[in-house]
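Same order as they appear, the protein sequences are chains Z and C.
Going by my numbering, the first sequence runs without a break in its numbering and finishes at 254.
Going by my numbering, the second sequence runs without a break in its numbering and finishes at 1440.
No lab work stands behind these hints: they were computed from the structure.
Quantities reported herein were computed from a predicted structural model and do not represent experimental measurements.
Worth double-checking, as some hints may not be accurate.
Claimed, not checked - Partner residues are not named here, just some residues of chain Z that face chain C (Cβ under 10 Å, in silico):
1. Phe84
2. Val93
3. Leu99
4. Ser117
5. Gly145
6. Gly148
7. Ala190
8. His239
9. Gly240
10. Tyr241
11. Trp243
Backbone N, C-alpha and C fix where the C-beta goes; we use that ideal spot for every residue, glycine too.
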Amino acid sequence: MLIIDNLHARVAGKGILKGLSLAVKAGEVHAIMGPNGAGKSTLGYVLAGREGYEVTAGTVTYDGTDLLALAPEDRATAGVFLAFQYPVEIPGVNNTYFLRTALNAQRKRRGEAELDSMQFLKLVRERLKVMQLSPDLLNRAVNEGFSGGEKKRNEIFQMAVLEPRLAILDETDSGLDIDALKLVADGVNALRAADRAFIVVTHYQRLLDYIVPDFVHVLADGRIVESGDRTLALKLEEHGYAWVAGRQPAAGAA
Amino acid sequence: MSNAFAAAVGDAAGATLSRLPGAGVAWLDAARHAHLSAFLRDGLPSTRSEAWKYTSLRALEQRAFALGDVDAATRSVETRMLALSGVDGPQLVFVNGMFRADLSRLDDLPAGLQLQSLAAALILDADSLREAFGTATTDAFDRLNATLAGDGVVLRVMPGVRIAAPVRLVFLGAPAAVDLAWHARALIVLGEGSELVLVEQHGDAGAHAHLGTLVSDIRLQRGARLHWNVLQEAGPGAVLIRRSAFRLATDAVATLHALELGGALVRHAITAVLEGDRARFITRGVFAPGGRQHLETRLDIRHEARDTASDALWRGVANDRGRGVLHGAITVAAGADGSDARLDNKNLLLSAQAEIDTQPVLEIHADAVKAGHGATVGQLDERVLFYLRSRGLPLEQARALLTSAFCRVALDRLDPAPLREHFAARLARHLPRLAGDSEA
Ligand SMILES: Nc1ncnc2c1ncn2[C@@H]1O[C@H](COP(=O)(O)OP(=O)(O)OP(=O)(O)O)[C@@H](O)[C@H]1O
Ligand SMILES: [Mg+2]
């Protein structure tokens, strides 16, 4: 589904990704761990198409097409979803209205019928079972005044409504209380499917107790330096990143 | 007078003045001639004049406009696009400045509402209008208007009367063989304890160039309430210069909502004098120039009595080479103790060539005054745009959505609700066109 090959990217003139390779097949869950500043969020932004994140070498192929050639909205329409590490607040834009506009914009571009407000509300009600969110949050401006945890839950709720095929979750577990962490994990697990893949960026092995990954990678200094199964996360928890530091890129990462 | 604009006025004025409604009334003739000679003496102001610092009239000075449209009574115009469904109270329609009875609705006026065209009022009883016409002024367009306005609106609400249905005043430009100038005047008095909803609309019945001036003189007597709503959708060739002068007695409340969307060169000077204790003046609006539009709104609010309140909230959005100006002057005069004065103006630039000038001026000469003003000019937040696009909204739609959200607060308190929805819809229709296609 996704093949990242030797990806180099710069932000503000500074090289951040330095030859990152990663392959993700449909149905898989990949966890990415790594020290602060390693380039994990940068990878998410590059995949989602944020301006200012300049790819200087390498390729990203998604479903056989060149993902990097697409505008951000076209990537979303093709099924790429990024749950932001720091979701932005959008004053004056109602959360539900925003989500319906986004869903219908995607549907329209895919040539599907748009949902009217009744159909959309029905969908929202259904998805609320997957990811609970108080009605109050649905009716407020997008993320405005939301607590850190509420913002993260809102990201997963959006994911549940938009039903992407490739979801990149950037530290969605940070700032969540224990109950919310379980809720978010349940939300993700409910969406796991044979034709959908996840890249889960996290600092904490605990999340991976709930969302059990097929692969765990260590991203350090702009490269995948170690890959393994879920036990790698346990090793990292025990030894820290020091023992992977300085390694060469893992050969044929996953 | 070396410029074409003033020369055209000078050449035509003599003949025009003798034909205007009210000609022959001695005090009115004298006032018109006095204003005319003052205009011809001083001409149009330059940008060296403080009040015209942001709006250059150099290009206008080189143009000649014919005075009045001899065919205004018979031009066929389409008013459907201006209709606000469900708002079907009394209405007065003016085409190129001339009252059109055939397009207006003045029968079955509610009890306690007097409403007629200024031309009719001048012919029937000019003397009752003397006070309103006598106003001294130093402004060139006020002088021009006082000289040449022969039509407009005279509206009175009797004390204690609440008029439920909004009254519409519609000013339409219609194509003519030459560039036309028209001058209209509105004289409005709300009696003690009365209430009125007004809609002032500007539109175009086909592309053409014209100059329109409108001077509105609005008095609210004790405890009166006025909801004044302006929908300015003049055509792309229109030069529109308006002054709305409010005077509020004790406990009177005037609320002005304005959408400044159309026109080439548009200026609206709003003056409000809070003469009586506890009088309140609320003004909210949006100006949204694109292309090469120049839209200026000026507020001059004077607190002259105790415990008076003013609240101004404006949003500006400019794209392309559009230019917006908001000048907001608030004066709290000596003795107006306990007054509360607020001004909030936020602006959004959608392109590198767009410009918005915002100038809050606060002068306080009284005690125990609460006053606050804030003015900002910014751009759409790239991070927010990316967030929206990452959810599937095309760039243009994302820009339009954020621009609408930015402006929404300006219409929040527009009453009644059906009118608010109409205004919101007009704004919602305008903004994507404005925000969507930018070279930025
Ligand atoms: N706009 C920018 N300008 C300059 N440097 C930037 C910019 N964006 C990111 N960087 C730098 O790029 C590096 C990688 O940042 P990134 O956010 O990808 O790290 P991360 O792995 O997600 O870290 P964390 O675990 O703390 O979230 C950091 O050193 C960061 O300071
Ligand atoms: Mg990060």
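Subject >> leucine 99 (chain Z) as an interface hint toward chain C, with CB separation required under 10 Å >> reply: The hint holds - leucine 99 (chain Z) has a Cβ within 10 Å of chain C, the shortest such distance being about 8 Å.
Original post:
Can the hint on histidine 239 (chain Z) be confirmed by a CB-to-CB distance to chain C that is less than 10 Å?
Top reply: 35 Å, violated
Original post:
Are serine 117 (chain Z) and chain C close enough, Cβ to Cβ, to be under 10 Å, as the hint says?
Top reply: This interface hint is violated because 16 Å lies over the 10 Å limit.
Original post:
With 10 Å as the cut and Cβ atoms as the points, is phenylalanine 84 (chain Z) at the interface with chain C?
Top reply: 7 Å, holds
Original post:
Should the interface hint for tryptophan 243 (chain Z) be scored as holding, given a Cβ-Cβ cut-off of 10 Å against chain C?
Top reply: Hint violated; tryptophan 243 (chain Z) Cβ to chain C Cβ min 35 Å, cut 10 Å.
**OP:** Mind checking the CB of alanine 190 (chain Z) against every CB in chain C and telling me if the closest is under 10 Å?
**Re:** 20 Å, violated
Original post:
Hey, does the tyrosine 241 (chain Z) contact hint survive, CB to chain C under 10 Å?
Top reply: 29 Å, violated
Subject >> Proposed interface contact between glycine 148 (chain Z) and chain C, which counts if any beta carbon pair is under 10 Å >> reply: Violated, about 16 Å.
Subject >> chain C contact restraint on valine 93 (chain Z) - CB to CB distance below 10 Å >> reply: Since chain C brings a Cβ to about 5 Å from valine 93 (chain Z), closer than 10 Å, the hint holds.
Subject >> Proposed interface contact between glycine 145 (chain Z) and chain C, which counts if any beta carbon pair is under 10 Å >> reply: The hint is violated - glycine 145 (chain Z) has no Cβ within 10 Å of chain C, the shortest such distance being about 15 Å.
Original post:
Against chain C, is glycine 240 (chain Z) within 10 Å by beta-carbon distance?
Top reply: 32 Å, violated
Of the numbered hints listed earlier, those contradicted by the structure are 4, 5, 6, 7, 8, 9, 10 and 11.
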